[in-house]
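2 protein chains.
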Amino acid sequence: MAKAIKSKVVKETLKLRRLGIDTYRENVAYLHRECEVYRAEGFQALSKVEICADGRRILAVLNVVDDADIVTPTDLGLSEEAFVKLGLEEGHMLNIEHAEPPVSMDAVRLKIAGARLDQQDYRDIIGDITDRRYSKTEIAAFLVASGQTDMDRDEVFYLTRAMLEVGERLDWNESLVADKHCIGGIPGNRTSMLVVPIVAAHGMLIPKTSSRAITSPAGTADTMEVLATVELDIKKLHDIVRKHRACLAWGGTARLSPADDIMIAVERPLGIDSLGQMVASILSKKLSAGSTHLLIDIPVGPTAKVRHMRQAQRLRKLFEYVGDQLGLHLEVVITDGRQPVGFGIGPLLEARDVMRVLQNSPDMPNDLRQKALRLAGRVLEFDPDVRGGNGYAIARDILDSGRALEMMNNIISAQGVQSEEFELGQLTYDLLSPSDGVVVDIDNLQLARIARFAGAPMDKGAGVDLFKKLGDKVEKGEPLYRIHAVYPADFKFARVLSERDHGYLVGEEGQIPKAFVEF
Amino acid sequence: MAKAIKSKVVKETLKLRRLGIDTYRENVAYLHRECEVYRAEGFQALSKVEICADGRRILAVLNVVDDADIVTPTDLGLSEEAFVKLGLEEGHMLNIEHAEPPVSMDAVRLKIAGARLDQQDYRDIIGDITDRRYSKTEIAAFLVASGQTDMDRDEVFYLTRAMLEVGERLDWNESLVADKHCIGGIPGNRTSMLVVPIVAAHGMLIPKTSSRAITSPAGTADTMEVLATVELDIKKLHDIVRKHRACLAWGGTARLSPADDIMIAVERPLGIDSLGQMVASILSKKLSAGSTHLLIDIPVGPTAKVRHMRQAQRLRKLFEYVGDQLGLHLEVVITDGRQPVGFGIGPLLEARDVMRVLQNSPDMPNDLRQKALRLAGRVLEFDPDVRGGNGYAIARDILDSGRALEMMNNIISAQGVQSEEFELGQLTYDLLSPSDGVVVDIDNLQLARIARFAGAPMDKGAGVDLFKKLGDKVEKGEPLYRIHAVYPADFKFARVLSERDHGYLVGEEGQIPKAFVEF
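So the sequence lines, in the order shown, correspond to chains A and B.
Be aware that the first sequence starts at 1, since it is given in the working numbering, and climbs by one per residue.
Be aware that the second sequence starts at 1, since it is given in the working numbering, and climbs by one per residue.
Derived by calculation from the structure, the hints in this document are not laboratory data.
Certain hints may be false.
[What the hints assert, rightly or not] Covered stretches of chain A (in silico footprint by chain B; criterion: 3 or more residues with CB under 8 Å from a CB of chain B, positions within the stretch not fixed): (1) 17-24; (2) 64-78; (3) 95-109; (4) 182-196; (5) 470-482.
[As the list claims (entries may be wrong)] Below, simulated DMTMM-like cross-link-like pairs (lysine to aspartate or glutamate); rule was C-alpha separation at most 25 Å, straight line: (6) A:Lys492 x B:Glu100; (7) B:Lys136 x A:Glu50; (8) B:Lys473 x B:Asp501; (9) B:Lys492 x A:Glu100; (10) B:Lys136 x A:Asp106; (11) B:Lys85 x A:Asp67; (12) B:Lys85 x A:Asp22; (13) B:Lys15 x A:Asp106; (14) B:Lys136 x A:Asp131; (15) A:Lys15 x B:Glu50; (16) B:Lys85 x A:Glu26; (17) B:Lys85 x A:Asp69; (18) B:Lys492 x A:Asp22; (19) A:Lys492 x B:Glu50; (20) A:Lys492 x B:Glu34; (21) B:Lys136 x A:Glu26; (22) B:Lys136 x A:Glu81; (23) A:Lys85 x B:Glu26.
Ideal Cβ positions, reconstructed from N, Cα and C, are used throughout, including at glycine.
Just chain A, same shape as in the assembly:
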């Protein structure tokens, strides 16, 4: 209300200046302390302001500047993304005013007080977040308030639908558009790069869009990028999928679930990942991408995201409930998350593992092959013509015959072969077993951390290469894994970290924790 009033009376008095400061997803506006508007309006640093001209308006956080070389008292400086978003030329005259807190924060405050919100509340909240009316702290307040203890399954459905409605939605014009998604947390685990070519070779449509790593050592998009271009515009994506029935692209170019992108940027650094938010995030992205049939992989293990079977079952039910409400054919598989999947951790090492499986190479990681075949088998059974239980055998035939490799090569060519040749990090360090025995535990979190310290995913050739997996016999002094790094500083960090806590436990056969699942 206040905003509507104010916009009537203030004139455009400030000159737009592009400051070339990258503040990531937060818009920042810079005013000089002597600026008249700053004085008259009673702004404070960190005030939320609204900047408008020619009917365009963006919200920003205010920083106050004392140095006239950065902005003069008649300038209004904008950070890079804010400048691009406003979309006006430098020198354009602007107006700036107090931004009132978004009205939907009232609903967030109700949520904090324990209330149940309805569909309209979630629409209002997600609408305001998408329009960037929320500050980072307001987003954090919403994420925490709607955390796992406080959203019932209908609320998760409302949230998912609201997130879906604000984004664009791809339409493939087919009745069966398959997809698979893992909730994450297990290093290695690049099954998508195997499932997609297998399923596509069967003729099923599987246009896979993936994310880059935010807190992990590699996402599917980072790993695929070792082999091919992954940043494709929507038109090219459509052409490739029409021709090859599949793609393995980065999902960030299509504006599929914009609210999710904004919320994830706050959620991940906080390290909070509530079940309700996870389900809404995944399902809104997948439905926006046009999927009709979705297989969800929930790994369970002591250092996985989901640590107990009962938690996995609760998550499964939630996925099923919301998926059903939204008309999505959704299946959940609960998998063994006790250790990394495959040998490599880091983009280049993981791409190597994937290619070895596709090439039926004798030194391929068998666990990655087995898991990919089982997942692909379940996806294939979405096909009404595939008899229940036959999917695995079909997937295996496609992989063994080389048809999956051929499909992968087609996808790579279609997306564009990666022009840069990446090398494995030349700085290496072997972590040696402290004793004789059997590997009884591998800490997913610690190995991911070591790989990130070594430079993954930023440096494609950095990471960790595992030589031993759960149940393997080792002798004292035998290497458990090798760290690869590109830069000396990263190398030292990773090495010192692994010397402190190498993430392995060597003990006796009987100590290996039982797998919760036989998948």
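Model the placement of chain B on the given structure of chain A, informed by the hints.
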């Protein structure tokens, strides 16, 4: 852990540059995109970084700059407060590294999941917040997670004690140090400026430190500043209190509850104000200020912070429980919060009301006088020599005899008479009654908003002057209140806002809501 490792191996390679950008309480560091350290470390914009040199270290959020006029690739720019906090000269060589998330965020995540935290958890969280290891979003996560539904009374006690321990604590070397505090939300209501001189004239020690307004049109510090200097250093504060038994100063100069200052800066803009956080904030501040006896004022009314008697009683119990645990002699009074107290809203208008009461002027606001006398009476009864029930009469005698005015003048002289003469805003607008009848409702929130739009508390002479209060008869066209503003833009905003919703309801006698309390 990671931090400790990293600091061993990185050399100091960047030159400190002071950027003169005021980012309020958030430290910001600026690196050029071509900077080698930026490249090698894999920082992203909005990464949390730690900057160190000479054993000093601060945490900051990273912004990436493309313009070498702001920072060159070998500079590290710092925002104003960050520069001051680091305390090094421009040109000093620095080191920058990834800041790991604070360990105590694990406890916050447990709280989000619904766990009960113990004393050590709250010590760790408050310690990290005080050391500025938390980003704004992490603070928001903690505030929401520990919101009203989720902290039991022992947790509120743990939190209060943790906040108390990290700050400095004033010691007045007396066994009875009195204080009073209102939880806020009622415009006008400047009772402290009456209670303090009355109580001090009786000889009781009452060193009052107050805050400035954050979201209200005036705090006690803003109003007192109309008459006297309020920013006093600790030594001067002690001298004044020793001599006059009282002061009315701004509490911000003494670093009393630093964690509270940091949290309030996040909490207020979010508009969340949970009971547990409120109790911890108030009691940690009062105990740090050396109070031994505290009177808490909880106004109740339809547009007050506390809207129902049962909520007021719950809050009272919580104050009592935590106060008792901490050895504070604490009394709670529940007061009538149905409308603003006094006539004026805004620093100068409220100071005028206070002085009229002290001067026993015939045009003084009687409700302010009555409330102040009752509160002062209760504070006086902290004195073991004052018989229960006699406080009010003693307070009235002190006020009527002019001794309170004399004490106020002594305090003003001691703190330093305000050198600037403030004038009432010359731009005025009278809001006229839409009909004949009786004033049956005055919306505290809307009147506070109108006063803020008019420029309060930034412009001392801006605000709203009420002519009619609850129960007053009015005729159609008769003025209900007058808006005062200093700047034309503010004047228009406030006027338009009050025309839309003037905050008064004129009706029939029987419609006046009953006061919940007879105080």
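Evaluated hints:
no.	hint	in the structure
1	17-24	holds (count 6)
2	64-78	holds (count 6)
3	95-109	holds (count 3)
4	182-196	violated (count 0)
5	470-482	violated (count 0)
6	A:Lys492 x B:Glu100	17 Å, holds
7	B:Lys136 x A:Glu50	21 Å, holds
8	B:Lys473 x B:Asp501	20 Å, holds
9	B:Lys492 x A:Glu100	17 Å, holds
10	B:Lys136 x A:Asp106	20 Å, holds
11	B:Lys85 x A:Asp67	19 Å, holds
12	B:Lys85 x A:Asp22	23 Å, holds
13	B:Lys15 x A:Asp106	45 Å, violated
14	B:Lys136 x A:Asp131	21 Å, holds
15	A:Lys15 x B:Glu50	35 Å, violated
16	B:Lys85 x A:Glu26	24 Å, holds
17	B:Lys85 x A:Asp69	23 Å, holds
18	B:Lys492 x A:Asp22	36 Å, violated
19	A:Lys492 x B:Glu50	18 Å, holds
20	A:Lys492 x B:Glu34	23 Å, holds
21	B:Lys136 x A:Glu26	13 Å, holds
22	B:Lys136 x A:Glu81	21 Å, holds
23	A:Lys85 x B:Glu26	24 Å, holds
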